[in-house]
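If you're matching them up, the sequences are chains A and B in order.
Residue numbers for the first sequence follow numbering that gives the first Met the number 0, so the first one is 0 and each next one is one higher.
Residue numbers for the second sequence follow numbering that gives the first Met the number 0, so the first one is 0 and each next one is one higher.
These aren't lab readings, by the way, just hints derived from the structure by calculation.
Everything numeric in this text was worked out from a predicted model, so none of it was measured.
Be aware that a few hints might be false.
[As the list claims (entries may be wrong)] Calculated lysine-lysine pairs in the DSBU-like style (CA-CA distance at most 35 Å, straight line): (1) B:K54 to A:K55; (2) B:K139 to A:K143; (3) A:K131 to B:K46; (4) A:K143 to B:K56; (5) A:K131 to B:K40; (6) B:K54 to B:K190; (7) A:K68 to A:K86.
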Amino acid sequence: MKILSKKEAKEIEKNLVETYDCEIDLTKFVILSTSKENKIWLASREIFDMNLEELKISSIGMYFGRMDKGKLRLSVEGAQIIGKTSKKNICEIKEVWDFLRGFDIKPHKLIKCEENQYVIVKNETDVLGVAKLQNEILKNVLPKSRKITSLVKYED
Amino acid sequence: MELKEVWIKRQSEIVDDVDVLKEYVFKPLLASIRINTIKIKREDAIKRLEGRGWKLKQVPFYENGFVFEEKKYAVGNTIEHFLGYIYLQEIASMIPPLVLNPSENDIVLDVAAAPGSKTTQMAQIMNNRGAIIANEKYLKRMFSLRANLQRCGVVNTVCTRMDGRRFKNLTTKFDKILLDAPCTGTGIIMKSPRTAKTWSVKTSILASNLQKQLISSAISSLKEGGVLVYSTCSLEPEENEAIVDYAIKKFGVSVEKIKLNGFKVRDGVTKWEGKTFAPEIKNCARIYPQDNNTSGFFVARLVK
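Let the sequences and hints guide you as you build the complete structure.
Here's what the structure looks like:
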């Protein structure tokens, strides 16, 4: 894992602002990346007050997303952080159950969405993650470990 | 499944209501959750969950802990769980992080962290600031720990895979340590009835050997004035008071009294099988299933 420089962190912020028209300040975190998988992690600053070299580390901080052909594919938690303020590349869905089971779905409403972009998927105020918008269909990229096979459906 | 006679006899030497204990040992636990304030405000979560028709009652000692008065759903399969707004956590398991009470500026060690209930709760108490080393020796358990930390949006944690006995060798010293030690689990027979069959005095003694090594390592890696919370889900004095007594005698730590609003705890035992423990062992908390309808637990707050 490598700690990103201020310049590299700013590049990520710029990418996020351009893609999602969001208000984001990543300076309160330390941003890390794994070069092999292009994964990006956010961690609290205080973690780096410790001598990490003497630890057998499995992971640091929260998985934020990964770079995929120049586009940042956010994790569910990354999307929840960005989705609070984003005004672009957002889609609203009604079929939460289908989305969480991992199906591709047709969005209910698109807000300034670009084709072939990872758009933030929302249901009312809940941010459910991201999906790739292709031919007006949301291609589901929810990780297998996050899919729910028997979601509780509430009665209205 | 029946309880072993030897176990009942031992417990009857500690409590005077062993017949009630015998009933509660197999009684299903109340379903309970913790609201994860890292992701949602408490008030918003309550409004939302009540809007779903959930009938919840706040745990008396913790504003973010709730018990279902009437459980209608498999909580782990709800959208709120997926989103990380709630965490399924047993009531007694919420106690050790509250007793440790880590702050935003602390460097914390969680020696045996998986599956992450207490780690995520500590991160929440710390407002996702400071730093936690969440250690788990076993790879298989590491997956659930990392998944739960991720789902709860925790950024202040480093997951490590080390033998808990090796922390004494680190140059980093900790402000607070949670040692929720591996144990025989006689407090959670209702969750794992097999324990009633597999437990023996020998298994408790074997567990206590490891627990002594773990507490020694933990105290050695604690800053002067730092706090260590030792907990188990066992009701056996060999795994509880005997370990704290060992820590007092070897390291000179002090033991602070634990009080929880509206929740009954019993004093630690000071005499067991011919041995007399340090008087301050009384300050430890024994949590019995029959007192609050929870699992059985032992919690001690030690100051170096």
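Quick rundown of the hints versus the structure:
1. B:K54 to A:K55: The hint is violated at about 44 Å.
2. B:K139 to A:K143: Satisfied, since the Cα-Cα distance of roughly 17 Å is no more than 35 Å.
3. A:K131 to B:K46: holds, 32 Å
4. A:K143 to B:K56: Roughly 34 Å separates the two Cα atoms, so the pair holds.
5. A:K131 to B:K40: holds, 30 Å
6. B:K54 to B:K190: holds, 23 Å
7. A:K68 to A:K86: Answer holds: A:K68 to A:K86 is near 23 Å, not above 35 Å.
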